[in-house]
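Fit chain B to the given chain A structure using the hints.
There are 2 protein chains.
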Amino acid sequence: MYEENLTSKISKLIISSDPLINGTAIENAKIAFIDYLAVTFAVSNYNNIEVFNNILKESKDKNSIKVIGKGFKTDSLNSALYNGFLGHYLDFDDVHEESRSHPSVVIFPALLSLSLHRKYTFYEFLSAYVVGVETMVKLTKALGDNHYNKGWHNTSTIGVIAASAASSYLLKSSKDQVATALGIAATTASGLRLQFGTEVKPLHAGLSSRSGVFAAQISLNNIKGSREVFDSQNNYLDVYSDFPMREKLIESWGEPWAITSPGLWFKKYPCCSASYHAIDAIKSILKKAIVKIDDIEFIEVIYPPGGDEALIYKTPQTPQQGKFSVEYIIAKCLVDGDVTINTFNGNSIDGEIGSLMSKIRRVYDPTIKPEKDAIPQKRFTIIKLKLKDKMLESRVDYPLGSSKKPLTKGEVIQKFELISKNKDLLLKEILDSNEMTLLQSIYNKI
Amino acid sequence: MYEENLTSKISKLIISSDPLINGTAIENAKIAFIDYLAVTFAVSNYNNIEVFNNILKESKDKNSIKVIGKGFKTDSLNSALYNGFLGHYLDFDDVHEESRSHPSVVIFPALLSLSLHRKYTFYEFLSAYVVGVETMVKLTKALGDNHYNKGWHNTSTIGVIAASAASSYLLKSSKDQVATALGIAATTASGLRLQFGTEVKPLHAGLSSRSGVFAAQISLNNIKGSREVFDSQNNYLDVYSDFPMREKLIESWGEPWAITSPGLWFKKYPCCSASYHAIDAIKSILKKAIVKIDDIEFIEVIYPPGGDEALIYKTPQTPQQGKFSVEYIIAKCLVDGDVTINTFNGNSIDGEIGSLMSKIRRVYDPTIKPEKDAIPQKRFTIIKLKLKDKMLESRVDYPLGSSKKPLTKGEVIQKFELISKNKDLLLKEILDSNEMTLLQSIYNKI
Numbered sequence: 001m002y003e004e005n006l007t008s009k010i011s012k013l014i015i016s017s018d019p020l021i022n023g024t025a026i027e028n029a030k031i032a033f034i035d036y037l038a039v040t041f042a043v044s045n046y047n048n049i050e051v052f053n054n055i056l057k058e059s060k061d062k063n064s065i066k067v068i069g070k071g072f073k074t075d076s077l078n079s080a081l082y083n084g085f086l087g088h089y090l091d092f093d094d095v096h097e098e099s100r101s102h103p104s105v106v107i108f109p110a111l112l113s114l115s116l117h118r119k120y121t122f123y124e125f126l127s128a129y130v131v132g133v134e135t136m137v138k139l140t141k142a143l144g145d146n147h148y149n150k151g152w153h154n155t156s157t158i159g160v161i162a163a164s165a166a167s168s169y170l171l172k173s174s175k176d177q178v179a180t181a182l183g184i185a186a187t188t189a190s191g192l193r194l195q196f197g198t199e200v201k202p203l204h205a206g207l208s209s210r211s212g213v214f215a216a217q218i219s220l221n222n223i224k225g226s227r228e229v230f231d232s233q234n235n236y237l238d239v240y241s242d243f244p245m246r247e248k249l250i251e252s253w254g255e256p257w258a259i260t261s262p263g264l265w266f267k268k269y270p271c272c273s274a275s276y277h278a279i280d281a282i283k284s285i286l287k288k289a290i291v292k293i294d295d296i297e298f299i300e301v302i303y304p305p306g307g308d309e310a311l312i313y314k315t316p317q318t319p320q321q322g323k324f325s326v327e328y329i330i331a332k333c334l335v336d337g338d339v340t341i342n343t344f345n346g347n348s349i350d351g352e353i354g355s356l357m358s359k360i361r362r363v364y365d366p367t368i369k370p371e372k373d374a375i376p377q378k379r380f381t382i383i384k385l386k387l388k389d390k391m392l393e394s395r396v397d398y399p400l401g402s403s404k405k406p407l408t409k410g411e412v413i414q415k416f417e418l419i420s421k422n423k424d425l426l427l428k429e430i431l432d433s434n435e436m437t438l439l440q441s442i443y444n445k446i
Numbered sequence: 001m002y003e004e005n006l007t008s009k010i011s012k013l014i015i016s017s018d019p020l021i022n023g024t025a026i027e028n029a030k031i032a033f034i035d036y037l038a039v040t041f042a043v044s045n046y047n048n049i050e051v052f053n054n055i056l057k058e059s060k061d062k063n064s065i066k067v068i069g070k071g072f073k074t075d076s077l078n079s080a081l082y083n084g085f086l087g088h089y090l091d092f093d094d095v096h097e098e099s100r101s102h103p104s105v106v107i108f109p110a111l112l113s114l115s116l117h118r119k120y121t122f123y124e125f126l127s128a129y130v131v132g133v134e135t136m137v138k139l140t141k142a143l144g145d146n147h148y149n150k151g152w153h154n155t156s157t158i159g160v161i162a163a164s165a166a167s168s169y170l171l172k173s174s175k176d177q178v179a180t181a182l183g184i185a186a187t188t189a190s191g192l193r194l195q196f197g198t199e200v201k202p203l204h205a206g207l208s209s210r211s212g213v214f215a216a217q218i219s220l221n222n223i224k225g226s227r228e229v230f231d232s233q234n235n236y237l238d239v240y241s242d243f244p245m246r247e248k249l250i251e252s253w254g255e256p257w258a259i260t261s262p263g264l265w266f267k268k269y270p271c272c273s274a275s276y277h278a279i280d281a282i283k284s285i286l287k288k289a290i291v292k293i294d295d296i297e298f299i300e301v302i303y304p305p306g307g308d309e310a311l312i313y314k315t316p317q318t319p320q321q322g323k324f325s326v327e328y329i330i331a332k333c334l335v336d337g338d339v340t341i342n343t344f345n346g347n348s349i350d351g352e353i354g355s356l357m358s359k360i361r362r363v364y365d366p367t368i369k370p371e372k373d374a375i376p377q378k379r380f381t382i383i384k385l386k387l388k389d390k391m392l393e394s395r396v397d398y399p400l401g402s403s404k405k406p407l408t409k410g411e412v413i414q415k416f417e418l419i420s421k422n423k424d425l426l427l428k429e430i431l432d433s434n435e436m437t438l439l440q441s442i443y444n445k446i
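Residue numbers (the working numbering), protein chains in the order written: chain A, 1 to 446; chain B, 1 to 446.
Bound-form chain A, shown alone:
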């Protein structure tokens, strides 16, 4: 029976994966890694992250791992927590639109915690990442939209299982050990969307990364756990979704790899990707016309019903909440002309922005059809900006960064260089090398 069950089948797919046969998958994984390093390192400009003080201890143990952008190391499991938290802190990290989540900040910290003191090749490291992303997307499809809609944060609830799959792959676990690891990861799956716009959202990424690698490790120690996590009564899929589609879990595994098609969405702006359509629309309006803030009478942001679900703050109280507020993002973009890391700095929202935000309203129009190839599917954003003397309008169905208008490899490298300054040598090393030792050298530099 076990041989025939879903858990057994996906475990077998995981251990038999060979992403190396697809050059694009590995190349994309390298770009994802550069982007992950960039957005994680970017946080070191912030001095105010003190939430782990006196809790996560510095470690001088020989197996400890450096926290990116910080001058100290911590033990390997907690490095996954810390590097996942920092990686997601700015909401500047990559997105996979089919999984409605952020794969890299959960998977890379887990793999880094395992890699820096062991002998893996860089290709093995990247292959494990590809397998993690694949697991994440298949699980999302099997859970269906209901999972996210009920209030779960996919990055965390699904990411933990993806991180355990990637870690198990790297550790060369047996099929049974993988099945056990998936079961342990799933039984630690948590993360509520009500934490969006707070520092606990990035914490989800770190906690899930740590739980994922922990699940893989204790399975290697042969802990006795369920190997029927996707099959038993009250299994993961049934508990976390009202309408799971079980067969999708193992459908078309690696054909093609989710990281190549549709591929990852690298972020141009450090805020919720659901706001990207609106940013593009506003910037396109600003290119064509001069907009005086005082002349704005009102702004309508038109969505299909539910198209703004991730943008949970209509009247944000802090710039941090503003990352999930289309009102805040539009107002700042109009006043500053662009959206950057600075857009979300500070502890309060100033009066001019507050006043402009109050002129913005969301409208849901079920009669407008999204383009067939809209990204994400069935979504669009239309901005109608009413000035005293005219109405400006712009519509976006797939924004900059998404798979139809992706950031190029060059633009990701530029993003890294902008953040890290003189780190071009490092990038060349990452792109050209198959040596795992380069990770040590990266870690000495960032």
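Since the hints were made in silico from the structure, they are not lab data. In this text the structure is predicted, and so the values were computed from the model without any measurement. Treat each hint with caution, since some may be false.
The list treats identical chains as one, so a pair stands whether inside a single copy or across any two.
List of simulated lysine-lysine pairs, DSS-like, C-alpha gap at most 30 Å [what the hints assert, rightly or not]: (1) Lys268 <-> Lys405; (2) Lys224 <-> Lys172; (3) Lys70 <-> Lys60; (4) Lys30 <-> Lys409; (5) Lys57 <-> Lys70; (6) Lys30 <-> Lys248; (7) Lys386 <-> Lys372; (8) Lys150 <-> Lys9; (9) Lys445 <-> Lys57; (10) Lys119 <-> Lys60; (11) Lys405 <-> Lys378; (12) Lys283 <-> Lys404; (13) Lys119 <-> Lys57; (14) Lys314 <-> Lys9; (15) Lys150 <-> Lys248; (16) Lys70 <-> Lys428; (17) Lys359 <-> Lys224.
Leaving out everything else, chain B in the frame of chain A:
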């Protein structure tokens, strides 16, 4: 608005609690602590628990905490994980029937991780525990039966919030810090019942204990998190239950304390408490008649519909799974005459037990009325044991250990002494003292 919301109200109840005014509550907490120490120490007889090898490191840091029954210390957060895991390993720890869970193995390890290097009185420690149990029971009532029935493991999914409440109380957090801690604990709430009968079930207790104390600690560092975890859209109660009863969260707080009424259920046998009715029934039959195994034709175990939900194994493959199998427990009790720690040792089930198990069948009879004061409510177990020449029958509506037939203080002490041998001096210290320093001395001995 925040001042009026449920999260704010329960946070206020938590910080204003004063269980010291009720001598019984504190006395019961002391007995619970003795029982927790006993069942955790009991595991040290097992040599085969190697799941944390090379993962949770020994720590010689001055703030590290000893793992109970082991000869080493680990860092304070991981001590909560380890001591929670060991505490629940034998399923020999206490139960609160109204919360359908095991409060002590989640709450005590969290409190111990905070207490051994700080200056709290023993009464403060015990008061925090009483507040944790209270939180656990109120949350269970607010979630309703649907939570457990959907497949969640209350000890873990609810325990993590209880542990954060208890920890925050001990740390003297502000109301806002408690609200934040509850939100962080809730967003890490996980644990699936499909892991019952595996080593991952006790792991749930440890993970939740660690997450609970972690939530309390990072809230003290003023992490920015939601303070509306029981109020916002897609809040904890709505996500984790289809039929929550919100108002029950704050109803009759401490009036009386849940630890005094109905009080805790201390376990006589190291297995699922849902099997206790059957054990009592079998032992009562064995007292009255001589039962030759070979003469048994069949055994019927009669429940009200759903009364055996926690007993998920009808044909267990290991003695560990047997802890959740009424078939295994009845068969062993008939052959050995009693149920003890040894009942569940070993890696396989022998032929005689297997053969006897195959003669046992579960029957659900909705026409039989449970006694009005059955424990748990609406449950009973009837055993009909058919021998060649006669039928023996016994019915139990509230088993030994439950609040209507509780183990006495003396019996809990006896349980401790049986397990720990020459530790009577220690018990006297616990019962007589208000000195927190005694914990250090306990830790040197166990």
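How the hints compare with the structure:
| no. | hint | in the structure |
| --- | --- | --- |
| 1 | Lys268 <-> Lys405 | within (11 Å within a copy, 65 Å between copies) |
| 2 | Lys224 <-> Lys172 | within (18 Å within a copy, 39 Å between copies) |
| 3 | Lys70 <-> Lys60 | both (14 Å within a copy, 24 Å between copies) |
| 4 | Lys30 <-> Lys409 | within (10 Å within a copy, 63 Å between copies) |
| 5 | Lys57 <-> Lys70 | both (13 Å within a copy, 23 Å between copies) |
| 6 | Lys30 <-> Lys248 | within (27 Å within a copy, 52 Å between copies) |
| 7 | Lys386 <-> Lys372 | within (28 Å within a copy, 69 Å between copies) |
| 8 | Lys150 <-> Lys9 | both (28 Å within a copy, 25 Å between copies) |
| 9 | Lys445 <-> Lys57 | both (21 Å within a copy, 28 Å between copies) |
| 10 | Lys119 <-> Lys60 | both (21 Å within a copy, 28 Å between copies) |
| 11 | Lys405 <-> Lys378 | within (17 Å within a copy, 61 Å between copies) |
| 12 | Lys283 <-> Lys404 | within (18 Å within a copy, 71 Å between copies) |
| 13 | Lys119 <-> Lys57 | both (26 Å within a copy, 21 Å between copies) |
| 14 | Lys314 <-> Lys9 | between (44 Å within a copy, 25 Å between copies) |
| 15 | Lys150 <-> Lys248 | both (20 Å within a copy, 22 Å between copies) |
| 16 | Lys70 <-> Lys428 | within (23 Å within a copy, 49 Å between copies) |
| 17 | Lys359 <-> Lys224 | between (58 Å within a copy, 28 Å between copies) |
Consistency with the previously given hints is maintained throughout, with no hint failing.
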